[in-house]
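The lines below spell out each chain.
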Amino acid sequence: MSNFRMDLLVCGGTGCQSTDSFELAEKLNAEIKAAKLQDEVRVVLTGCFGFCEQGPIVKVMPDNIFYVRVSPDQAALLVKEHIQKGRVVQELLYEEPETKQKLDEQSDMPFYKKQNRIALKNCGLIDPENINEYIAVDGYQALGKVLTTMSPAEVIEEIKKSGLRGRGGGGFPTGLKWEYTKKSDADIKFIICNADEGDPGAFMDRSILEGDPHSVIEAMAIAGYAIGAQKGYVYIRAEYPLAIHRLKIAVEQAYELGLLGKNILGTDFGFDIYLKYGAGAFVCGEETALINSLEGGRGEPTVKPPFPAEIGLWKKPTSINNVETFANICPIILNGADWFKSIGTEKSAGTKVFALAGKINNVGLVEVPMGTTLREIIFDLGGGIKDDRKFKAVQTGGPSGGCIPEQYLDTHIDYDTLGEIGSMMGSGGMIVMDEDNCMVNIAKFYLEFTVDESCGRCTACRVGNKRLLEILTHITEGEAEMETLERLKDLSQIIKDSSLCGLGQTSPNPILSTMKYFWDEYVAHVKNKNCPAGVCTKLLKYHIDPEKCKGCTLCAKACPAGIISGKVKEAHVIDKEACIKCGACEKICKFGAVLRK
Amino acid sequence: MAKNMSEYKVDTEKLHKLGDYMDSLERGEGELINILREAQEIFGYLPQDVQLFIARKMGIPAAKVFGVATFYSFFTMEPRGKHVISVCMGTACFVKAADKVLDEFRSRLKIVNGNTSEDGMYTVDTVRCIGACGLAPVILVNGKVYGRVKPEDVATILEDIETDENMHSEVGLQQ
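Residue numbers (this note's numbering), protein chains in the order written: chain A, 1 to 597; chain B, 1001 to 1175.
Please note: incorrect hints may appear among the correct ones.
[What the hints assert, rightly or not] If you want the footprint, here are the derived chain B segments under chain A, 3+ residues with CB under 8 Å:
hint : region
1    : 1012-1024
2    : 1044-1053
3    : 1078-1091
4    : 1105-1112
5    : 1145-1151
6    : 1156-1165
Note that these hints are calculated values from the structure, not bench results. Remember, predicted model here, so these are calculated numbers, not experimental data. Backbone N, C-alpha and C fix where the C-beta goes; we use that ideal spot for every residue, glycine too.
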């Protein structure tokens, strides 16, 4: 085996993959070979670094230099300059937007400074397709410790003591869930890893599975030992092909080394893991729906109780935990519950991974201690709002959550505080919106999602959400009255009160939270027939600024309705009554003379 | 009750392939989703007769098969176009105007009803978040991810697909 003096860690997460990081890795390999350095330098495809905005990312170790936005064409430059001549390639370094300073180390970047990576600790560090790299960073030590020195009851006690709560959104204490499942008397029990990351805009589970699949496999085996299960299933979204691929490799490698299967590490304990694919249904993130789907049926939720801890998969006691929850297990076992409890807030211990997306400069994954403020996450780590626009709201919790306005930016977020301000933790998606986003339209977007994803079992959810969507459509089209808003609120409450599962109980949240914090926008749509953000097409009014118009006639030619009149070199006029609001004139105007209000 | 394969109005060879796959599995309703997945892989979609075939072979009501096939967005009962363009409709993509990109594809390909163009060449649909939010708005063209797509880029993307298509058909002729 060669001793490499240098590793080029290339991000192989889905984000960077789609900006050609695989091609980059190939080119780097070719350049290294051409320079006859293949015995000294190697290219490692790692999991996600989290800084997706700046992808593809290449980190050079041990020099600890962090290159961003490296295109495949720059592979030759990187090899020649950095590896052969030993010079840092300035043009590939990250530039701090405020100071314009080039930063070469990851830890100096504002994006990473406040992070505390526990669940993501190996993402971007190891080759996820090589079990030995995981073992080199203390992988499978937690399983060894558990199997040889701890009783199942002690494992559960440790997890309970750590205060770890379910990271999928519910926030139920993980240790308690394990304890209930352990106490249920049955010959067979199951562990399920919920990797059906359905919340649009959240991608932490995908990143963990792509970047550190063994951390989940190891934790599932530990959970199996704790509750007395010999079989585990990973229920994973079919939309995540790369995560599936890496997980399959990881499971195979674990079997080869005897870390799965019978008599793990020479003990009596055996554990098997199977992969099952979701077929695209948001509601399957709900435990009982997921179980029905795993059994091959429609993913409809059933009444709880009985909880899966009593009657779960194939009617046997089952513990269902989320990917990120599992990723926290091994560090807790190795470092102790007290260490974990020392991080975060009193009632929400540890860290949380958030997926920053939307109108924010640093899109990507961040892991911060619970209790960090929204302002720190959005403005310090996230680098603020894109194009210097004004912050309007941040949406957390996905379709079940709510929109949080500016006045709550200093909230120290954990499971409970987010609930108090009308949103929820959810799986950790954080979509930032600026002044160009219409909040009524955002609520409508979420309702479209819920209407699509409602399984149809409860009438309130099946029919009610459809009515909510119709009302919202009326509002965005200027066909609503003030009484309509009252109806919207009433119906929202009814759906919340009379639905069986989390989907229906939370589906009106995006409406209720936007009505609470952005009431003015609703009123503007209803009373003034105006969309302040300029988004709702039917309420838009186009007109041409006579000062700016040069009379080039392009808009008149582009107008499909033929309702723009004017002579060459004279200001043109739009017939507002006949305008179909298609926006063709605005698109084609070179002088910015077409205004939209 | 099992029927003769030739009684189903679909490609018999493909049906045999599906039958072999089903025989390779352990019996049980738990495999239904996997079987439908494989069937869609083989046929490109799930014609009614294929669903009937599966139901009879598994010994379960066809209603159950239909119920599952219609429940999940992954399954389709209509043939898909030769090229599949999926626009991500996750929130991150939506707030960055993915709906405008979708409209542009549909209008350029003149897709009015359903998701597939009249000539059967293109299917334009939406997908739920594929988790590449850093590149929003994101689309998938025949499975390949394109990031930061603007409505203005749509024409170029379609041209690229056509160029690829012509290249492949030329190669095909040479062979």
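Structure-based check of all given hints:
1. 1012-1024: Violated: only 0 residues of the region 1012-1024 of chain B have a Cβ under 8 Å from chain A.
2. 1044-1053: violated (count 0)
3. 1078-1091: holds (count 3)
4. 1105-1112: violated (count 0)
5. 1145-1151: holds (count 3)
6. 1156-1165: Coverage by chain A is violated for the region 1156-1165 of chain B (0 residues, Cβ < 8 Å).
Comparing the model with each earlier hint shows violations of hints 1, 2, 4 and 6; every other hint is respected.
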